[in-house]
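A.B. asks: Chain by chain, the residues:
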Amino acid sequence: MSELLSAEIQNCIEGPVVKYGYLSEQIDVVATPQSGLTSSTTGNRVMTDTISEAQNPKSFLLAIEALERGL
Amino acid sequence: MILGLFVGESFAELSVAESTPSSRGTLREHQRWYLPKHGLKAYLQNWLTKTPHKPERVIVSSRFLYKLAGHRLGGSVAQIVTSGFENWSHFASLPANTRSTSLRQLNRCPSLSSQDLIFAVHERILSDGSIGKPLDLSEIGAIHEKLQVLGLKKVCLHFHNSNLNSIHQQQTRDFLVTLGYEIFEPPVVDAFPSLEPFTRWKTNTLSAAVSGTFEESMKEIFEGLSAQIKEEQIFFFDGDLRLHQGEPLYRLSSLFALEACLYSQLSKIMNTKMKSEKPLTFLHFGIEHFSYLTDEKTLTESPWGTLALGTQGCRDFSIQPSSLLDLHDDGSLVTKGNLSYEPGPIHLGRGHKPLVADLLIQETKWPEIIDLDEKQARTSLDRWVLLMQTWQRSVKKLRFLANLLSVCFEIK
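Note that the protein sequences, when read in sequence, are chains A and B. Taken in order, the first sequence gives residues 1 to 71; the numbers are from my numbering. Taken in order, the second sequence gives residues 1 to 412; the numbers are from my numbering.
Think of the hints as simulated: they come from the structure by calculation, not from any bench. Fair warning: this is a prediction, and the values are worked out from it, not measured in the lab. Note that the Cβ used here is the ideal one computed from N, Cα and C, for glycine as well. Keep in mind that a hint or two might mislead.
[Stated by the list, open to error] Partial chain B-side listing against chain A, Cβ under 7 Å, derived:
#1 Phe-6
#2 Gly-39
#3 Ser-267
#4 Ser-276
#5 Pro-279
#6 Leu-283
[Claimed, not checked] Here are some, though not all, of the chain B residues that point toward chain A, as calculated from beta-carbon distances under 10 Å:
#7 Leu-27
#8 Arg-173
#9 Leu-258
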């Protein structure tokens, strides 16, 4: 299972990533040889930023996008 | 004011945002609820009676399609297919995406086609676009007789090489529309002109299969909001974030629009923060769904495989909150494919099978997020503890996420 995830990560993610979602605070992104992620200076934890879903709920982002598109 | 409404597999949420120039985009209200506990229509009706905010327009996004993924679809959809290509419709039902064949797809991709509802027509458009064998409309007339007996009203047209010359498709459509049929034609994706026909056919069949359910879902929303909002003020996004009002052509695409919207808005938030416009990758760890979003324009991935719909780059992780947990013979914890989010994790009170979500709930503030009442939470927890005790008798130590997520993620 881990190998499957690693392969997906290697194919799709390069460098720092930004987390979003209610569960993002519970999940750290970790650089390992298999993951293909670039390690930051903070050990093997990849430098990530997090956008809070509590402050930016999906439905709110939908509304903002709609406003920007002229609704 | 504008109302944003997101309807997930088990949760729904709404936000009211200001649309006046002075305070445009300000969040005025946010609600989230568990759909098995409060139905969509009733919740919306009740909310409208209580809220001080009166939105004039609504933008809706839904993921209800994922709830249908475990079910057989297409039972009321006929397909008219070029003779000799009838089996392609079954081929089209297989997951075409080998690039990211996740367990989610493999486990949740029942056939979209029924052999009994595929009707062959002896016509042929050649690979240079010329007519190899002209269409005889009397054949379509004979199919009409059969469709009447079967009571079918939705018809997909799958003519080989129709993307090169659509004359036979047009003739058939015109003929059947006058007889009252709802016609579905394979989409053409400009960015992927050489897309294989069976992917386009699959997309078309899925589009026809979910059209009725989409309509029911729209009706529920209309009725829920009818006290305040007129039907013509309710909008949806398609995969390219174009606004529409639920026309059949855009229905399927709109079910995958959330990711494009998230990428657009999350990018803007980060660009403002970082003062740059560098493309970023976002990891989305929602309550129901794990995915990553990139700036790449791709074909849409679905539980049925790749679809002929352009969208924002988005791919599901093979491990999802709804992944089923099981104990391997060696005592390690493994996932066994993905279930629908219905009935959901044990901790939400309805499920009886342990999911990855159950592990995450242990470490998070989910009860706060999902408004679980105390009695329900206690009953669910008892059920979970009982299961864990059973498992612990089998192994000395359960290393929960070590075997699941440790390579790329670690749980705090």
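A.B. asks: Would you mind marking each hint as holding or not holding in the structure?
C.D. replies: Right, here's what the structure says about each hint:
1. Phe-6: Constraint on Phe-6 (chain B) satisfied, holds at 4 Å.
2. Gly-39: violated, 18 Å
3. Ser-267: Since chain A brings no Cβ nearer than about 9 Å to Ser-267 (chain B), farther than 7 Å, the hint is violated.
4. Ser-276: violated, 12 Å
5. Pro-279: violated, 10 Å
6. Leu-283: Holds, about 5 Å.
7. Leu-27: Interface hint status for Leu-27 (chain B): holds (5 Å vs cutoff 10 Å).
8. Arg-173: violated, 31 Å
9. Leu-258: Since the shortest Cβ distance to chain A is 7 Å, the answer is holds.
In summary, the structure is inconsistent with hints 2, 3, 4, 5 and 8 from the numbered list given earlier, while agreeing with the others.
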